[in-house]
Amino acid sequence: MGARIALIVIASIYAVLGRQQAFGWQSDRSLWSHAVTVGTPTYRARANYEKAVFVGLP
Amino acid sequence: VKWALLVVALAAYEFSPLLNAGFVYEDARWLEASDGMTVSMADLTLQRAPRLLTRYSFSWQRRAGHSPLAFHALNLALHVIVCALVALLVSEVSSLAVGLCAASLFLLYPLNMEAVGYVSGRADLIAAIGVLCACLCGLRGQWIGVLFGLGLGVLGKESAIVGLPLVALVRAMAYGRKSDYVASGVLASAVMAAAWFVAPSEAVWTPTWAGLQMAAWVRHVAQTVIPIGSSVDFNYRALPVSVLAIAAVFTAGLSELAWRWRWSAPLLAGGLAWMLIAAMPRFVAVTPHSLLNEHQFYVPRIGAAIMVAHVFRVKPCLA
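Note that the protein sequences, when read in sequence, are chains A and B.
Here the numbering used here is used: the first residue of the first sequence is 49, the next is one more, and so on.
Here the numbering used here is used: the first residue of the second sequence is 802, the next is one more, and so on.
Since the hints were made in silico from the structure, they are not lab data.
Watch out, some of these pointers could steer you wrong.
[Unchecked claim] Label pairs and their computed distance ranges (CB to CB):
{"#": "1", "chain 1": "A", "residue 1": "Met49", "chain 2": "B", "residue 2": "Ala865", "range": "47 to 53 Å"}
{"#": "2", "chain 1": "A", "residue 1": "Ile58", "chain 2": "B", "residue 2": "Ile882", "range": "18 to 24 Å"}
{"#": "3", "chain 1": "B", "residue 1": "Val1050", "chain 2": "A", "residue 2": "Arg52", "range": "34 to 40 Å"}
{"#": "4", "chain 1": "B", "residue 1": "Ser1065", "chain 2": "A", "residue 2": "Ala54", "range": "20 to 26 Å"}
{"#": "5", "chain 1": "B", "residue 1": "Ile1029", "chain 2": "A", "residue 2": "Arg52", "range": "20 to 26 Å"}
{"#": "6", "chain 1": "A", "residue 1": "Met49", "chain 2": "B", "residue 2": "Val1044", "range": "20 to 26 Å"}
{"#": "7", "chain 1": "A", "residue 1": "Ile58", "chain 2": "B", "residue 2": "Val999", "range": "25 to 31 Å"}
{"#": "8", "chain 1": "B", "residue 1": "Ser1065", "chain 2": "A", "residue 2": "Arg52", "range": "26 to 32 Å"}
{"#": "9", "chain 1": "B", "residue 1": "Arg830", "chain 2": "A", "residue 2": "Arg52", "range": "25 to 31 Å"}
{"#": "10", "chain 1": "B", "residue 1": "Ala865", "chain 2": "A", "residue 2": "Ile58", "range": "36 to 42 Å"}
{"#": "11", "chain 1": "A", "residue 1": "Ala54", "chain 2": "B", "residue 2": "Ser1056", "range": "27 to 33 Å"}
{"#": "12", "chain 1": "B", "residue 1": "Ala994", "chain 2": "A", "residue 2": "Met49", "range": "48 to 54 Å"}
{"#": "13", "chain 1": "B", "residue 1": "Val1042", "chain 2": "A", "residue 2": "Gly50", "range": "42 to 48 Å"}
{"#": "14", "chain 1": "B", "residue 1": "Val1050", "chain 2": "A", "residue 2": "Gly50", "range": "48 to 54 Å"}
In this text, all values refer to a predicted model and were calculated from it rather than measured experimentally.
Backbone N, C-alpha and C define an ideal beta-carbon position, used for all residues, glycine too.
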């Protein structure tokens, strides 16, 4: 019984965290996920690199 | 049945944001590179056409005028197939109930979202299908099937070549034979050598590069246990050399533990070894724009699903 409850709790936590990850992919501001490093020099460098190299799809 | 319904409901909740998701990061580059693609026998080489199957699927969907939703739906369908294969693999070395639990957790695992929600991550999904098919066939001694699985995986993404040592590894876990462990080690070394000599490196290899990749590997293993603080742009290059050295020692330590536990806890050791072997070629193949990230860790993370079987203390049933 304890194992079942633990599984349900873990699966539910995974679903909530995964949904946050999914939202990260559809938001321009969170293009690189909802990460703690957003705003760091590396993030800005990557964002500029992407703007320079890749163009949006028609 | 109740568990299956719960998993389906949680999966629907988790993946529903993809309904409105678009294309991000390298999607534009891969999709445009696949436009108007035709397949001929001459293309069936890695040098001429890397990720042929993945690109052909993009080309087909673009020609058919599919929306981003259809691209994401196909990725999700591939992820479900991977989970079914994970269930079969874990069932082979444990029990059906444990296999279904491991596959359910792998389906919902939050850091797998990058491979599923990122259309270019399809390459990793196809690679995983190929590797798992090869492992399942390898367990039954169906060597033609092993070749087919590896071929399928490599046509999805070249990194699926790690399936070679992984086939030997799952045989070692299931049958407990020393020769399979030796074969796994030899084949893993061969794949490392291939990555060193054949893989197109973007820069000169340095020990620092290996340290950065090992730091990334350690971070991904830690996040496999506690999946929080995720970032596809973690600033590894800001880490001091001492931390990279510690990461290298930690990686070596976990390898040693996997070797020591191979008889007493084969599933725990095997899962750990899987995560290491599946990522090892990236320690030597230099791709400076892309340190080991979450979608690249999709295949290695299958090792964690195998470790779930150890948590339930179920002995390999084929031994």
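message = Under the constraints set out in the numbered hints, which ones does this structure not fulfil?
response = The structure conflicts with hints 6, 7, 9 and 14, although it agrees with all the remaining ones.
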